[in-house]
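*Asks:* UniProt numbering puts the first residue of the sequence shown at 1, with every later residue one more than the last.
Any given hint might turn out to be false.
Unchecked claim - Taking lysine-lysine pairs in the DSSO-like style, the calculated list, with each CA pair at most 30 Å apart, reads:
no.: 1; residue 1: K332; residue 2: K146
no.: 2; residue 1: K15; residue 2: K268
no.: 3; residue 1: K232; residue 2: K15
no.: 4; residue 1: K146; residue 2: K286
no.: 5; residue 1: K146; residue 2: K232
no.: 6; residue 1: K286; residue 2: K268
no.: 7; residue 1: K232; residue 2: K387
no.: 8; residue 1: K15; residue 2: K146
What the hints assert, rightly or not - For each label pair, taking beta carbons as the anchor points, the in silico distance ranges come out as:
no.: 9; residue 1: S205; residue 2: W401; range: 22 to 30 Å
no.: 10; residue 1: F200; residue 2: L250; range: 13 to 21 Å
no.: 11; residue 1: L406; residue 2: G194; range: 30 to 38 Å
no.: 12; residue 1: F53; residue 2: L347; range: 31 to 39 Å
no.: 13; residue 1: I388; residue 2: W96; range: 20 to 28 Å
no.: 14; residue 1: F53; residue 2: G194; range: 15 to 23 Å
no.: 15; residue 1: L287; residue 2: K387; range: 19 to 27 Å
no.: 16; residue 1: S184; residue 2: R399; range: 43 to 51 Å
no.: 17; residue 1: Q390; residue 2: G291; range: 48 to 56 Å
no.: 18; residue 1: E278; residue 2: F53; range: 27 to 35 Å
no.: 19; residue 1: G343; residue 2: D228; range: 29 to 37 Å
no.: 20; residue 1: A165; residue 2: S240; range: 31 to 39 Å
no.: 21; residue 1: S205; residue 2: C251; range: 29 to 37 Å
no.: 22; residue 1: S184; residue 2: L339; range: 52 to 60 Å
By construction, these hints were calculated from the structure, which means they are not laboratory data. Here a beta-carbon is modelled for each residue, glycine too, at the ideal position from N, C-alpha and C.
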Amino acid sequence: MGQLSQSQDLGAGLKSRHVTMLSIAGVIGASLFVGSSVAIAEAGPAVLLAYLFAGLLVVMIMRMLAEMAVATPDTGSFSTYADKAIGRWAGYTIGWLYWWFWVLVIPLEANIAAIILHSWVPGVPVWLFSLVITLALTGSNLLSVKNYGEFEFWLALCKVIAILAFIVLGAVAITGFYPYAEVSGISRLWDHGGFMPNGFGAVLSAMLITMFSFMGAEIVTIAAAESDTPDKHIVRATNSVIWRISIFYLCSIFIVVALIPWNMPGLKSIGSYRSVLELLHIPYAKLIMDGVILLSVTSCLNSALYTASRMLYSLSRRGDAPAIMGRTNRSKTPYVAVLLSTGAAFLTVVVNYYAPAKVFKFLIDSSGAIALLVYLVIAVSQLRMRKILQAQGGEIRLRMWLYPYLT
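Generate the whole structure from the sequences, applying the supplied hints.
*Replies:* Here it is, written out as structure tokens:
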């Protein structure tokens with residue numbers, strides 16, 4: 001077994017409010033705004049079941065991960081626990097795959113942000129916007145973990161305010177108190193072919209789409225290791241994940257499918273949230289949603305840079321990556337890992353331009369398999385870590401429910 005990473009060599013610059021907002025931001029990905037329309041078109045109003053099932057799975061995964069993270073907080077998170085519970089090969093494999101997942105996310109999110117900015121300022125090419133955004137966030141991540149936490153705090157706060165405003169506005173429209181709404185009530189949940197128009201198989205297909213909306217919830221266990229009281233932050237984040245998923249996903253998606261027909265023409269291209277705003281005659285609906293999506297993808301890009309660098313740092317400290325990747329600067333930031341992660345992201349962009357299209361498509365499609373593999377590794381690790389901790393006489397302050405059956 002490799003040597004476990006030494007998270008204490010990093011800084012402890014994240015404050016309680018940073019970790020709290022990071023835990024919220026982790027479950028509000030850009031795919032909620034961008035990809036939900038695809039899931040709705042797939043399953044109809046029954047997409048609510050897809051989000052419910054996916055949400056329950058994430059709640060259990062987070063509980064399993066939190067049990068291990070509270071006992072032994074570590075920047076390597078589940079990769080370190082897999083190293084200890086399953087074997088070095090497991091920690092090595094899942095650590096590198098997880099790093100690769102976030103390296104792929106960096107150029108994708110940068111490109112989405114650049115396209116939005118290009119639509120506002122057509123004179124500046126998309127590639128230049130993408131380059132500037134990536135370099136700016138790389139610079140921010142190089143300075144200190146506090147910079148990352150502060151930047152992510154405000155981005156997450158903006159996302160929370162936007163979703164809460166959307167839910168309130170939608171609830172007012174559903175109850176018939178919004179004067180400019182063309183519709184009210186919830187009859188659209190069954191008026192267009194029933195609640196489950198495409199059958200339960202479509203719900204399962206939509207669940208695969210929705211699963212990736214939740215990817216990132218685990219980041220809080222990585223970031224908490226760079227705070228003063230990681231165990232308390234992880235417990236708080238885990239205990240609140242249920243209401244976070246209920247409010248931000250189930251409530252907002254309910255508003256969408258209650259107000260607009262699931263088979264509305266152009267839903268996939270326009271987007272579900274923008275469609276609702278246009279239905280309610282909100283001025284500048286496209287501009288508003290572009291702004292919200294821009295904030296979301298910037299937040300995701302910021303987190304991708306942070307998470308990839310910390311996983312690379314952890315791998316280095318365990319001897320599973322070159323030692324140079326474990327170097328830190330005066331601010332206790334793993335600057336080599338940050339720069340190498342950014343460099344690898346730029347390399348994937350080069351592959352996109354010069355390699356056949358099917359090569360890049362394979363790389364992107366592989367990220368979905370990685371997400372599912374991460375959850376599987378967390379479950380297996382927790383099954384074994386509980387026995388290891390008990391054998392060592394360690395205190396288990398947060399326990400997975402109905403262990404080992406739910407695991």
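*Asks:* Now look at each hint and say whether the structure bears it out.
*Replies:* How the hints compare with the structure:
no. : hint                    : verdict
1   : K332 - K146             : holds, 11 Å
2   : K15 - K268              : violated, 39 Å
3   : K232 - K15              : holds, 12 Å
4   : K146 - K286             : violated, 33 Å
5   : K146 - K232             : holds, 18 Å
6   : K286 - K268             : holds, 14 Å
7   : K232 - K387             : holds, 23 Å
8   : K15 - K146              : holds, 8 Å
9   : S205 - W401: 22 to 30 Å : holds, 28 Å
10  : F200 - L250: 13 to 21 Å : holds, 19 Å
11  : L406 - G194: 30 to 38 Å : holds, 32 Å
12  : F53 - L347: 31 to 39 Å  : holds, 36 Å
13  : I388 - W96: 20 to 28 Å  : holds, 23 Å
14  : F53 - G194: 15 to 23 Å  : holds, 19 Å
15  : L287 - K387: 19 to 27 Å : violated, 55 Å
16  : S184 - R399: 43 to 51 Å : holds, 45 Å
17  : Q390 - G291: 48 to 56 Å : holds, 50 Å
18  : E278 - F53: 27 to 35 Å  : holds, 30 Å
19  : G343 - D228: 29 to 37 Å : holds, 32 Å
20  : A165 - S240: 31 to 39 Å : violated, 21 Å
21  : S205 - C251: 29 to 37 Å : violated, 23 Å
22  : S184 - L339: 52 to 60 Å : holds, 54 Å
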